[in-house]
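Going down the list, the sequences are from chains A and B. Take the first sequence: its letter number 197 is residue 197 in UniProt numbering, and every next letter is one higher. Take the second sequence: its letter number 239 is residue 239 in UniProt numbering, and every next letter is one higher.
Heads up, some of the hints might be wrong.
In the DSSO-like style, the derived pairs of lysine-lysine whose C-alpha atoms are separated by at most 27 Å in a straight line are [claimed, not checked]: (1) LYS173(A) to LYS173(B); (2) LYS263(B) to LYS173(A); (3) LYS263(A) to LYS25(A).
Keep in mind that the hints were calculated from the coordinates and are not lab data.
2 protein chains.
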Amino acid sequence: MGLHAMTNANFPVDAEGHTYHVGVKPGEVANRIITVGDPARAILIGSYLDGGNVIDATNFKKYLNYVSKDIVIKTSPRLFTTVTGRYKGVPVSIVAIGMGVPMMDFFVREVRAVVQGPLHIIRFGSCGSLGRARAGDMIVATDSMACSRNYNYFHNDEDQELSETDFAELMVKGEGPYTVSTTCPADAELTDALVAALHAHVPTGVEVHKGLDITADSFYSSQARQDPAFRDQNAHLFTYLTEAYPTAECLQMESFGLLHLAKSARPLPSGSKSIRTAACAMVFAHRVQNTWVDPALVEALQAKASFAILDAVIAVEIDAKELHPEEGSVWAKN
Amino acid sequence: MGLHAMTNANFPVDAEGHTYHVGVKPGEVANRIITVGDPARAILIGSYLDGGNVIDATNFKKYLNYVSKDIVIKTSPRLFTTVTGRYKGVPVSIVAIGMGVPMMDFFVREVRAVVQGPLHIIRFGSCGSLGRARAGDMIVATDSMACSRNYNYFHNDEDQELSETDFAELMVKGEGPYTVSTTCPADAELTDALVAALHAHVPTGVEVHKGLDITADSFYSSQARQDPAFRDQNAHLFTYLTEAYPTAECLQMESFGLLHLAKSARPLPSGSKSIRTAACAMVFAHRVQNTWVDPALVEALQAKASFAILDAVIAVEIDAKELHPEEGSVWAKN
Numbered sequence: 001m002g003l004h005a006m007t008n009a010n011f012p013v014d015a016e017g018h019t020y021h022v023g024v025k026p027g028e029v030a031n032r033i034i035t036v037g038d039p040a041r042a043i044l045i046g047s048y049l050d051g052g053n054v055i056d057a058t059n060f061k062k063y064l065n066y067v068s069k070d071i072v073i074k075t076s077p078r079l080f081t082t083v084t085g086r087y088k089g090v091p092v093s094i095v096a097i098g099m100g101v102p103m104m105d106f107f108v109r110e111v112r113a114v115v116q117g118p119l120h121i122i123r124f125g126s127c128g129s130l131g132r133a134r135a136g137d138m139i140v141a142t143d144s145m146a147c148s149r150n151y152n153y154f155h156n157d158e159d160q161e162l163s164e165t166d167f168a169e170l171m172v173k174g175e176g177p178y179t180v181s182t183t184c185p186a187d188a189e190l191t192d193a194l195v196a197a198l199h200a201h202v203p204t205g206v207e208v209h210k211g212l213d214i215t216a217d218s219f220y221s222s223q224a225r226q227d228p229a230f231r232d233q234n235a236h237l238f239t240y241l242t243e244a245y246p247t248a249e250c251l252q253m254e255s256f257g258l259l260h261l262a263k264s265a266r267p268l269p270s271g272s273k274s275i276r277t278a279a280c281a282m283v284f285a286h287r288v289q290n291t292w293v294d295p296a297l298v299e300a301l302q303a304k305a306s307f308a309i310l311d312a313v314i315a316v317e318i319d320a321k322e323l324h325p326e327e328g329s330v331w332a333k334n
Numbered sequence: 001m002g003l004h005a006m007t008n009a010n011f012p013v014d015a016e017g018h019t020y021h022v023g024v025k026p027g028e029v030a031n032r033i034i035t036v037g038d039p040a041r042a043i044l045i046g047s048y049l050d051g052g053n054v055i056d057a058t059n060f061k062k063y064l065n066y067v068s069k070d071i072v073i074k075t076s077p078r079l080f081t082t083v084t085g086r087y088k089g090v091p092v093s094i095v096a097i098g099m100g101v102p103m104m105d106f107f108v109r110e111v112r113a114v115v116q117g118p119l120h121i122i123r124f125g126s127c128g129s130l131g132r133a134r135a136g137d138m139i140v141a142t143d144s145m146a147c148s149r150n151y152n153y154f155h156n157d158e159d160q161e162l163s164e165t166d167f168a169e170l171m172v173k174g175e176g177p178y179t180v181s182t183t184c185p186a187d188a189e190l191t192d193a194l195v196a197a198l199h200a201h202v203p204t205g206v207e208v209h210k211g212l213d214i215t216a217d218s219f220y221s222s223q224a225r226q227d228p229a230f231r232d233q234n235a236h237l238f239t240y241l242t243e244a245y246p247t248a249e250c251l252q253m254e255s256f257g258l259l260h261l262a263k264s265a266r267p268l269p270s271g272s273k274s275i276r277t278a279a280c281a282m283v284f285a286h287r288v289q290n291t292w293v294d295p296a297l298v299e300a301l302q303a304k305a306s307f308a309i310l311d312a313v314i315a316v317e318i319d320a321k322e323l324h325p326e327e328g329s330v331w332a333k334n
């Protein structure tokens, strides 16, 4: 059932040193990482690594246990998928983490625990647009903030919708039905490399936008979706967010977790920054027009954007002395 | 890549009415649900339904696409697994949701959207013990509170550990590195049924404890695990939680989300309660002794507890007139 004998309840690893949830040990993850939600997307990007055969994306399941001397795919019982190989000769991993900030937390902490040297991580996800970007465009996060449900607000059984004015006043005081955090920046150099690579790769007609990302703890309530089955007090949330945060471009569910942990990471013993991050997303939904992207558009965009993100994740230099050792790694040259 | 044409960005469903993430439509989920994290556990419990063949739990993957006239297993591209059939004649679903409160949110909202009538949901997870329960025991939640990272506390680059006194003072004011919510109760009748069924089924020597659950937004920082790679300010969190909440028994990552959404759900048009919930967990780690459970113990306990939870989820009556229609459902008698 996926449960192996673990040691140390503080930071559990199995007898071979695999972390408990992501299921990776030293030498199985590279310093440069692309993180996505969907395992199918990880496998697709992995198929673009050196020595890979570009796969039929509609039939990715048969690749889940694929192992070659060039590319290694690992799945963990807790639903993480890690694909590792080389891109243009540089070791790269792609890690699919599922959805939500807690899954981002598992990924960042367990990968940080098994990789020596700096981590350069680019998030590639999907998002809803707050209005400027159209469905099928790309958005790069300059920075990110969290929008979370304030559980305590819902402690009573009150079910009358707040007025727009009362909602805004409570939000500003941090006492509303939702709370917003201060922002965390993406790494400027990695973000510039990402924007440049996207411009070079995305199909004609796709625009690349830059702006503030809002990471919500619910696809529904804290992204202002209306659901009559629940008391959510979110009728005015969308208006509040767009007016209070005019640089906000997108709503999704993971990027803040990545940027926040990068900011919270202690420097390496060498003095180098521990984790540098950038984040981008394809616009799946346009929340003002209430429209959804055509799946055919996504397939084309996803393939092009994947090459852009691979180029970007190897673009910013890491001192060779600081890289995780090749010896014993899955990307070591035979 | 799992992306189908969706309509309505507010509550996306595909052309056949399947919800976007859990991937279920009306008639594919029963009113009585057991929710777990691990898909392997869902398949195992599903194999105990009427007409099921008890499977070899170590080889569950071959069952992922298993469909019989008695039991239907569905997996969604976003990693939800739903198993539906009957237990002692009563329609029951088991839904594996992965990890974290955002995944619980997807599950509760998307299932609420496709099932007519009351939902009775029992969570069956794993947890760390705060001291009273031993590894291998069971804990039933009487109520639950959320312990969340206060992102804003980490906005500066301060890296000196707070003193125990300063930490406690900030926590009480809601200005500490972590925040704790007010508590949400489990449904008393469903919880009593669960405790009684566990006592009837669990192996000799396994104790069944009742107490407050603490649901953390990180397996690491907000569960007071020490990780030198990050500024977490959590050296005093464990002591604070156990002293401030003497009825707290366990730490895990999902139950509060379930109990909170049950409390936030509006009554059904009939006036009936929309969602009734109970939650229990196997103790995998003892956080004071810093020990981990023997996997062999878990396999035996999990099998026995699964039967207890199946008995409990059908124990509390639902008015026949309020049940989801059988016609067109996957559990309809042929």
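The hints, checked one at a time:
1. Restraint check for LYS173(A) and LYS173(B): satisfied, since their Cα atoms lie roughly 15 Å apart, inside the 27 Å limit.
2. Our distance criterion of 27 Å between C-alpha atoms is met by LYS263(B) and LYS173(A), whose separation comes to about 25 Å.
3. Between LYS263(A) and LYS25(A) the alpha-carbon distance is near 24 Å, which keeps this suggested pair within the 27 Å criterion.
Figure legend: structure checked against the earlier numbered hints; every hint is met.
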